[in-house]
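Engineer: Chains A, B and C, in that order, are what the protein sequence lines are. Here the numbering used here = 1-based position in the first sequence + 366. Here the numbering used here = 1-based position in the second sequence + 1. Here the numbering used here = 1-based position in the third sequence + 55.
No wet-lab data here; the hints were simulated from the structure. One should not assume that every hint holds.
[Unchecked claim] In the BS3-like style, the derived pairs of lysine-lysine whose C-alpha atoms are separated by at most 27 Å in a straight line are: (1) K491(A) <-> K82(C); (2) K82(C) <-> K622(A); (3) K416(A) <-> K329(B).
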Amino acid sequence: MNQQEEKTKALIYCVKCLGGRLKENINFMEVCGTHTVAIYRAGIKQILCKKTRLISGPGCPVCVTPNEFVDKAVWYALQPKTVVATFGDMFKVPGSESSLAEAQAKGGQIQLVYSPLEAVGLAEKHPDLKVVFLGIGFETTAPLVAYAVLSARKSNLHNFLILSGHKTVPEALEKIAANPLLNLHGLILPGHVSCIIGRRPYDFLAQQYHIPGVISGFEPEDILESLCMLFKQINEGRCEVESQYRRAVPEAGNQKALEIIQEVFTRRDLEWRGLGVIPGSGLALREKYSNWDAEVVFPARINKPRQHRGCICGAVISGLKEPEECSLFGQTCRPEHPVGPCMVSSEGACGTHYLYQARGGFYED
Amino acid sequence: MRIETPPLVRAETKTKEVIKLAHGSGGKLTRELIENFIKPKFGNRILNRLEDAAVLFLSENLLAFSTDSYVVRPIFFPGGDIGKLAVCGTINDLAVVGALPLGISCSFILEEGFPLETLNKIIDSMQKVASQTGCQVVTGDTKVVEKGAADQIFINTAGIGVIRTKSHLSIEQIQLGDQIIVTGTLGDHAAAIFVARQNLPVTSSLASDCAPLHSLLGSLWNLSGKIRFMRDPTRGGVAATLNEIVKDKEFGIELSEDSLPVKPEVRGICDLMGFDPLNLASEGKAVIVVAPDATEIVLGILQQHPLGKEACVLGRVIEQPKGLVYLKTNLGTKRIIDLPVGDPLPRIC
Amino acid sequence: MCLGVPAKVIKTDEEWAWVDVNRVHLKINSSLVEGVRPGDYVIVHAGFAIQKLSPQEGESTLELFRQIVESEQK
């Protein structure tokens, strides 16, 4: 066995021992959608004992995007001489009536991009087209989009617009922490958001709400180690915010990235699916950058957004309901025909659960 | 709560009654299209087997007959082009059912304005494969449509071959304990196409593995008693192929995470884009289900051939869970490998 | 919520860097991270470097587990 295999074995042993020492049922929440995927892919829940429950949190930009944002994106895609540039994550997300994938099938112009700078390049190459870039993601992605806006300004591009749906995590965490129905004993905190914001913004979780947290990396071993650290805190009666992902998360985060967010964006109140409007949790382009703000320059004209009857994505995202409690789960709502965003891919709680749990007790050995 | 696989439902709302890109990706929506639209209309004993080639009886020979259409973009990519793909693809569909290809047809649909020089290059590429393999283009057709009515060039090839295996290679031959072999690394073609199509600022040695497999697989045909079934993992990758094998069957398949053969460069693209190599298409590989006592011999034969040097065991056929494919992870846990929904999309989350 | 991949910096040129991820060389923007140099490791997200990786703090991790394993075996 090599050193890596030994370390993995030791970590599994530690998770089982430390978790096994706990006398009560424990609820942890992994906040970040990429952690939800990593936990599913590594089968982490099969290592935890039944007393420990892992709940998927609202850190999935796709899942917390309300229908209104998707409706606007679809409207832009169907406008003449307009292209919607977006990360692939948004392509299949259903809005009130349609998704971008469906809009494309009806002639809508959509370009999937890997980086926001590709969208800037598209605008440069096609001065006759309006390029509307969908700004989704949290503090990890916001600085990149801010850079893209500055880049467009430098090149004097006026056909590059941002529809900002960017959100900030600590405000949402406060709402989660303050919800007594969730009864959380620990939080696995997002790794890459923390690369930008650092460790300190999470201290309030332990200090005010007495919920310990561990910032985690994304390898299976990182997540196992983070669970060990949470179990250890509980066993020792400590309550702190620690970082397992020390190799990538400086205490103060990335100052340059934080400055560029501050330069381009301002805070606003924003609706999160499942959590309602969270004050100060959204990022909107500042007035001096309003020339690149789609909502100012080219506001979408959409019908009143509507929710699909029976869809409880909101309750699932906020950890209040399990996917199986949704009447549509696995029936009308499946990965190939999603009704709500949680089912769109395995980053959403329902998409993951469909693949993970919904196989006749396969995982319950 | 157990979720019974629901009957495939027709799209309910008006907005869903259009063909989406995902219908062509080889995953769940492709299966729905086949089950809901194709089979009900065309269905017959031969078609309904949904094998890579139709096996027909003619005098004392069994013939295999297969067709496929090629719409790949970009039309030239590292490792090949649409023409090479079109010839190799049909030769491979014949080879996996145990047929020596006799000849193929080739139909072009060309967009008005398509450069003749480009067409020439594509035809040269197709003829190169035809000469190497001895499988000639023996008939064909060309149509031209107005500018805008087609995207540059579409190619359809159909091929006919004579079955050389003594037993019929089919899913029905598969037994518990059989081993699943793959002839080489996974996902090379899809990763190369993705980089070429997206115009990413990437340099790598990534290239499509597009290649004719009749010679590689032909070396196994006289072991046909021990070879149960073969298929080339194109659209939807190995995940789609293995799920097709287990669908509605009384067995499942277990894969092992540490035995997945993936080139580092493909792993790199998957890490960057959030792809799973199991969902990525190959165009010069085959999945072979073999009797366990023939595994070493088959691997030995494959590894002697230039196209099979990296052949390895991917997994095995097991009793439970029936109808499912799962992966044993490096942590010793399990993960279901499902039929993918559509083509992999680059993600940030 | 954020796919980020560790990559080794091969070359830099003003605001750009070429990084290696499993022998795939990708051009990324390095403007958001101070002092990126060849030989550094960075986290890549959507075409940008978002943070430098510091040398793995392996020792403290191993110590944690040694303590746990020893206390379990008592």
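Engineer: For every hint, state whether the structure bears it out.
Structural biologist: How the hints compare with the structure:
{"no.": "1", "hint": "K491(A) <-> K82(C)", "in the structure": "holds (20 Å)"}
{"no.": "2", "hint": "K82(C) <-> K622(A)", "in the structure": "holds (20 Å)"}
{"no.": "3", "hint": "K416(A) <-> K329(B)", "in the structure": "holds (21 Å)"}
Hint compliance for this structure: no hint is broken.
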